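Next come the chains, spelled out residue by residue.
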Amino acid sequence: MATLSSDLHRRVESRAAARTVDARKVYGKGQTEVRALDGVSVEFETGRFTAIMGPSGSGKSTLLQCTAGLDTLTSGKAFIGDADVSLLNDQKLTILRRDRVGFIFQAYNLVPTLTAIENITLPLTLAGHQGDQSWIDRVVQTVGLAGRLKHRPSELSGGQQQRVAVARALATRPDIIFADEPTGNLDSHAGAEILQFMRQAVDSMNQTIVMVTHDPVAASYADRIVFLADGRIVDEMHTPTAERVLERMKRFGE
Amino acid sequence: MIRTTIKGLLARKRRLFTTALAVTLGVAFMSGTLVLTDTIGKTFDDLFGDVYKNTDAVVRAETAFEGPRSTGAQRGRVDASLVGTVRGVTGVAAAEGQILGYARLVGKDGKAIGNPQMGAPTYGANWSDNPELNPWTLAAGQAPRADNEVVIDKKSADDGGLAVGDTATVLVQGPPQQVRITGIATFGAADSPGGASFVMFNSPAAQRLVAEPGKFDSIAVVAAGDVGQANLVARIAQVLPPRTEAITGEAITKEVQSETKQGLSFFNTFMLIFAVVALLVGGFMIFNTFSITVAQRTRENGLMRALGASRRQILASVLIEAVAVGVMASVLGMASGVVVAGGLKAMLAGLGFDIPAGGVVFTVRTVIVSVLVGLAVTLVAAVVPARKAARIPPIAAMRAQVAGSAGYGSRLRIVVGGVLLASGVGALLLGLFGDSGNAVPVVGLGALLVFFAVSVLARTVSLPLSRLLGAPLPRIRGAAGGLARENAMRNPKRTAASASALMIGVGLVGFITILASSTKASIDASLDRSFTGDLVVDSGAGMAGGGLDPGMAAQLNGLPEVASAAGLSRGLAQVGDSPVQLVGLDPATAFGVLDVKPLQGAPGALGRDVIAVHEDVAAEKGLKLDDPVPVRFKDTGDQTLRVGMIYGEDQPVGRYILGVAAFDANFADRYDEKVFVKKADGVTTAALRSAVDRVAQSYPGADVFDQDQFKADQGRAVDQLLALVYALLALAIVIALLGIGNTLALSIFERTRELGLLRAVGMTRAQLRSTIRWESVIIALQGTFLGLLIGVFFGWALVQALADEGIDTFRLPVSSLAVVVVLAAIAGVLAAIAPSRRAAKLNVLAAISST
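Residue numbers (the numbering used here), protein chains in the order written: chain A, 350 to 603; chain B, 24 to 874.
By construction, these hints were calculated from the structure, which means they are not laboratory data. Some hints here could point you the wrong way.
25 Å max Cα-Cα, derived DMTMM-like pairs, lysine to aspartate or glutamate [claimed, not checked]:
#1 K441/A to E777/B
#2 K499/A to D831/B
#3 K864/B to D584/A
#4 K620/B to D831/B
#5 K864/B to E394/A
#6 K864/B to E542/A
From a predicted model like this one, the values you see are computed outputs, not experimental measurements.
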């Protein structure tokens, strides 16, 4: 039994690209205490596209940031693969982010002095290696930037900039990509494009993506949605549609 | 509006402080200079006030001529018999002959006391038995009675380990003397006046050893009863022989005090130049900081305008900030002046310029000048950024913030910069090579214009320069290096402005270094050509006169190892309207050791009525062989000498030479400043040296140099000045570095999001620090590069202009300049320490979530 259980456990563990165990994040003390995360245990499976949703202040961004190692938990644990994020110092955490995690932020998240291709390969350059050229070519091809690689961010549209950001997140072939409202600053057309690229990355490149969003349409691109309210997981939805998500979200208002 | 400005200021205390620091340092330096010179001035005022406290009149020879800067009026002595004559005048209570000249005491360790070449002078004087006319107080022992007895000042006694009853050697005119110390005296409360050393003989001995027998330098007179000073002088004047004068005690006090002040004013100006440089650099930093903050607050100011603030109000808000910075900086700087004054004094002492100073003098003038200048610099520097802020349209509130500038700057900038540069270079060259009477202001203006022009044009060359300087970075520092280079290039205007501040200091350092090395090279080259001997005995005596007994040269000539030994004497005289240095040489021996390159006439012609002139003098004055030259001596008055030789080498003999016969005939005091020695055939240099050393042993204070040591010694004054100038320019460079640090800090503040992003995608803290450090190095090197460009040009131009003054060799000190470049790079690293640490500590999450 013991063998079977630990075997099962290992398999579960290996399926999760990242997970949290009883994650708690508390801001302030006493009267002003805010529990942004109040005992969240969640797993983000490898090769799947997970969305985190919830009303403002539900703790969805905090969950993403703590899991990604950008912020620290008050108690509980967060893992990227087998690595306990809470045990790593700044140096190790930075290298973990550089080599195994990709990020897509809301907007304006390119280095203005670098060209598109330099931005895409930035994590690789920081690590001091070339990376896999054929992979990078494929990524660039996928996001459709081939003609604009020598441009600086100021010469690109918002949608194009975000495509560069998606390409950068994919460039190191990370274990997991965290996206925080990646379409928040884009019009619906450009937003749909970005979501399409992310979907493609999961389907044809076997990437793992965790995305925070408040947009039901964006969330409908995911395989699974985790709903947060008041720092707790309150619901889950698999193979969502925009209508179902909207329905579910409306219930938070009640 | 004022309240929002003040609230804004308080919210940015740290930046306010670093910005203010630039001005504070400049003002502190200025205030320190004023405090120090005031203090020294007061010390001397008090000193001379004490010396002449009871003197109602002074009788002395009339001024023969005014000596060159800081040597004062040159006059001869009066006959000792005049003392009796003056005593006979009704209304005179007492009259005493006074002597003040060169003497130098040798301490118990056999070393001569004091350092008259750089520090306070060493004097020989006569001890006055009239307590009213004697400013000294015996601390131990008694007055000198016998000719071999002396009283010395307490400082010399302490320095030399000498006590009452000791026998000591004293260097005087003629051979060194053995004397017995009968007393040790203090000067009022001080151990010695102004740190000078005093040996006081009885009058006959002082006449013989310090002055000349039967003469006094002056006569001090005390009035009887209520005879007024003016009345007394009028009565004495009636009995005086021609070319003698009497002046009141008040007048002599004022005269001596003002002479000191004149000497000080040169020092004052010298130091204030560096204060101005520091303030100029500080101004650059203020300009830069305000420009950046105005750019960063474009949205905020746009919002203000949209909400109804007028342009005038925006302008005022920036200027109020400048006033706050200026006032704070100036007041702090003014107060720190006291500390700086102490530091300057210690630094000067460390470099060998020991200056006496009593209690600190802090005048109202210091307060007013410091605060006004500090405030003015800050305001002037802030005007352009303030006007720029006022021009921000309300719509800026709605626009995305575009900080920075790209490319090469406007055409107008290039034109203005070009015109400034051309006029600056023009003024500089006109001042240096033109015939204008007062070249210094023209040269100064030209130099200032060149600095401004280059700082205007720096923005145009900044982009390619950063690209070039940063070229190796991506290879040696990877991604961090590449980003550093991009960051230095992303805002050329800002990079150029930060670099410009450093450019000024480095430019001056480069210039001074080149000038110094060229001067030394010229001296070396000239000595190589003219000094054909082997050893030089240097007296160690300073500008106040004194030196070796001419008997020493004779003694050396008697040695079998010596082919010839030539003493070189120096004296002041007036040729035409200007005071000049004359050098006395013995034609029988000197020209075998010193080859002055006679062009016309021969050394043999240097007799009693003959003068030799350098070819430049001959050309200037249109003199030919046998032409008459009117010369005025302080001891013998007007004489007409005949040109007996025209020569081509001015080291070490200067531009006028007298033969020993003419020199002896016209100068009462006879000292050799140096003795040049050439070895006899078949004698080794070592053998010569030991023979010369044996003779020199009985002349403490004298140094024996070989050719290389002598050249090094001649260059030492240049090195010493160089060290002083470096130390003073260091301030300007420190301020410039603060400026670079400040610019970086502001840039980092501006790039918070970007830095957060870099950290998020995997840039380590070390890499981030490295990025900022290398950006700083690029800025520093850019300033250094431009500075050296200017420095080399200034140095070259000045050396060309000084060719007539004997600086005829231009030498580019490549290794020294390389050191400057390396130091600048290191300085860049240092400037980046604080900003890079702060950037590395940035909270990643806070950085990326801030908008």
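Checked hints:
About 21 Å separates the Cα atoms of K441/A and E777/B, which keeps this hinted pair within 25 Å; it holds. Under the criterion of a C-alpha separation no larger than 25 Å, the hint pairing K499/A with D831/B is inconsistent with the structure, at around 56 Å. Of the supplied pair hints, the one linking K864/B and D584/A is violated, its CA atoms being roughly 38 Å apart against a limit of 25 Å. The suggested pairing of K620/B with D831/B holds, with an alpha-carbon distance near 16 Å, which does not exceed 25 Å.
For the hint linking K864/B to E394/A, the alpha-carbon distance of about 33 Å lies beyond 25 Å, and the restraint is violated. Distance hint between K864/B and E542/A is unfulfilled; the C-alpha atoms sit about 36 Å from each other, more than 25 Å.
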